[in-house]
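> Based on the provided sequences and hints, a complete structural model is requested.
The chain contents come next:
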Amino acid sequence: MYARLPDRPGGAQTAMTAQIEIDFESAKSELAAITGKRGALVSGVAAADAFDAAPEGYRPVDILPHAKSVFVIGGAQPRAGDWQSPNYQHMEVTSTSDRMQTLALRIARDIEDRFSYYAVCVPPGVDHGQQPFMSISLAADLAGCGSKSLAGPVLHPEYGFMYYAAIITTMPLSADKPLDPPACPAPECVQMYADEETTPCLKVCPVKAGGCLGGRIEDGRFTERQYDSARCATRVQNYWVPGFQKVLSATLQEPDADKQKMMLSSSMFSRTLWSMTYSNVSQGQCAECMRVCPVGREHRTKK
Amino acid sequence: MGFYFVDPKTYKKHKDEILELSHAVQVNFQEHLPAEKRHPGFSDQQIAEKLGLEVQVVREIRCVAERDKYPLDEFEEAIRFKEKACRDYSVRGMSAVMEKYVKEAKKGK
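If you're matching them up, the sequences are chains P and V in order.
Under the numbering used here, the first residue of the first sequence is numbered 1, with each subsequent residue one higher.
Under the numbering used here, the first residue of the second sequence is numbered 1, with each subsequent residue one higher.
Hints were generated in silico from the structure; no laboratory data involved.
Hints are supplied without guarantee of correctness; some may be wrong.
To be verified - Computed cross-link-like contacts, PhoX-like style, restricted to lysine-lysine with a CA-CA straight-line distance of at most 25 Å: (1) Lys208(P) - Lys84(V); (2) Lys13(V) - Lys69(V); (3) Lys69(V) - Lys302(P); (4) Lys9(V) - Lys84(V); (5) Lys177(P) - Lys28(P); (6) Lys84(V) - Lys302(P).
Dropping the structure here:
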């Protein structure tokens, strides 16, 4: 097979690449090595046509026509010390996915420059319907970079929670397989569920007692999972766009100018404005279900 | 529609139904479940087809309804929740929820 885009401008490199036969297995190993060298802990490939579980409009080909593969990278975990901080706000400003996104942009460029295939990063934000452009967690799951958890985030069996980014490409890389067994539930959680009918994440954030999560473990897999995403937003996006809209709405309805001033200068609104200016990507502002997760615990345990 | 927001009457009429059909309420959402058990929620397009509405109308109603579901108090409660959960963990570590099971799993390895 020959590299595409022979007629595209780009000088000698494109012309040369067009004539070189690409060994896609070697190319995949090379990309994995590059990502590892640049700081990713895991990488894998999902076939672009394997996203049946995603609604139309949110599949790889909806972002890049003729997409063949989705190259997924993961890493940039919070440090072990971050999890130990008694100040919940610590994680809000230290834990973002932008490092993986930056790396993904470089990989996309490598794919286009070295192999002459189209490559785009899945944008990290949300579209006009407040939905992710494509489910990166589904991509990570399909690529075997981790598996979706009862709490929600994708977990790697060794490292636990981490951030992921995905590159969609027309390059036909061989697809990896989802993990079997999955990382969640961990053996400890299976045992805990058998004894107490709960798991660490369900215990800390139970949907039936003002939290976000519910579910059962059956035959070693979680099932009947319940997730209140609106409540989760009040926690994960506490000092972010949703909180901003709430306070602004309340302020606009307040006729008393003195009270308006108190609302706009309140600690909550001020903190929200700071958070929104700290970062150009969304910050995960609640990590309590992950803090108590035993998957990857050994990597989070230091002296 | 014709503008960037829907009129409040239309919103009130459809908000509960749209929220219920959407991804906002997830029960058995996960991909690993068998097809007969899996309920992934509907996309805006699918909800629009189901209810005979324009997809833009569904999208706007869902976005507002997701925000409307909990009052500002819930954001205050979130701060209290995180403060307590984080402090409990910093003092008691995994024993805050499951130390016994972590030890048992270590022995089993």
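> For a C-alpha distance cap of 25 Å, please report whether Lys9(V) and Lys84(V) respect it.
violated (40 Å)
> Does the structure keep Lys13(V) and Lys69(V) at a Cα separation of 25 Å or less?
holds (15 Å)
> Hey, Lys177(P) versus Lys28(P), does the alpha-carbon distance stay inside 25 Å?
Answer holds: Lys177(P) to Lys28(P) is near 15 Å, not above 25 Å.
> Given the hint that Lys84(V) pairs with Lys302(P), does the C-alpha gap stay at or below 25 Å?
holds (23 Å)
> Verify the proposed pairing of Lys208(P) with Lys84(V), using a straight-line Cα cut of 25 Å.
The given pair, whose Cα atoms are some 18 Å apart, holds under the 25 Å limit.
> Given the proposed pairing of Lys69(V) with Lys302(P), does the C-alpha separation stay at or below 25 Å?
violated (41 Å)
Hint check: violations occur at hints 3 and 4; the rest are consistent with the structure.
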